[in-house]
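Chemist: These protein sequences, in sequence, are chains A and B. Read in order, the letters of the first sequence correspond to residues 1 to 116 in the working numbering. Read in order, the letters of the second sequence correspond to residues 1 to 117 in the working numbering.
No wet-lab data here; the hints were simulated from the structure. A hint or two may mislead.
What the hints assert, rightly or not - Just so you have them, the derived chain B footprint on chain A, three or more residues with Cβ under 8 Å: (1) 20 to 28; (2) 65 to 77.
Unchecked claim - SDA-like, lysine to any residue: derived pairs with alpha carbons at most 20 Å apart: (3) A:LYS3 <-> A:MET27; (4) A:LYS3 <-> B:SER42; (5) A:LYS3 <-> B:PHE68; (6) B:LYS3 <-> A:THR104; (7) B:LYS3 <-> A:PRO39.
Quick reminder that beta carbons are idealized off the backbone N, C-alpha and C, glycines included.
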Amino acid sequence: DVKVTQSSRYLVKRTGEKVFLECVQDMDHENMFWYRQDPGLGLRLIYFSYDVKMKEKGDIPEGYSVSREKKERFSLILESASTNQTSMYLCASSLLPSGGALDTQYFGPGTRLTVL
Amino acid sequence: AQKVTQAQTEISVVEKEDVTLDCVYETRDTTYYLFWYKQPPSGELVFLIRRNSFDEQNEISGRYSWNFQKSTSSFNFTITASQVVDSAVYFCALSELGPNTGNQFYFGTGTSLTVIP
């Protein structure tokens, strides 16, 4: 079974703090993704990575950055957290190379981030 | 324009009733995949099914069945004899080959299903 884990289920931070969300997958998947989920908006892609040290912007990258130093780990960074970044953050991974178009994505349990 | 439309925002049914969740998609590609995911209250999206654009056979898995119709660009999901454990948010998704690799996975906005005991 694919296992995608996220470092925290719940996180509370203050405006202006630097926030790190960690995601680890244990199935040697090539691609990793960060989404945020908000009521009525579904899932929106923030960034994805198709290889170590490679990253691509998704639909809503503003205010976020990512890091993928190792294949199994993909970090989402909020450089200066703001209240409008309060959301559920979901990490996913998929196997096939070159971004994984057409491939199934497997999700972690999510991190519910609250920025005060 | 939405690539994946789930018009039903919320549905409530009484236990043991059948329920169909609608999904309509939009693509110009001939090669694409459609997915359904379940998100229970715990939050994790659980993969349910993947179908490719060349296979229009309906699929049944226990109480779950999926009806794929290219003519209407729909991929509907039916739960037969619903149970309380089916209460969740269900997402339909489309993945297509496009000019850019990777960023071609589109989710609908989800349908929240509540099964009342």
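Chemist: Are the hints correct? Go through all of them and say.
Modeler: Hints, one by one, checked against the model:
no., hint, verdict
1, 20 to 28, "violated (count 0)"
2, 65 to 77, "violated (count 0)"
3, A:LYS3 <-> A:MET27, "holds (7 Å)"
4, A:LYS3 <-> B:SER42, "holds (16 Å)"
5, A:LYS3 <-> B:PHE68, "violated (29 Å)"
6, B:LYS3 <-> A:THR104, "holds (17 Å)"
7, B:LYS3 <-> A:PRO39, "holds (18 Å)"
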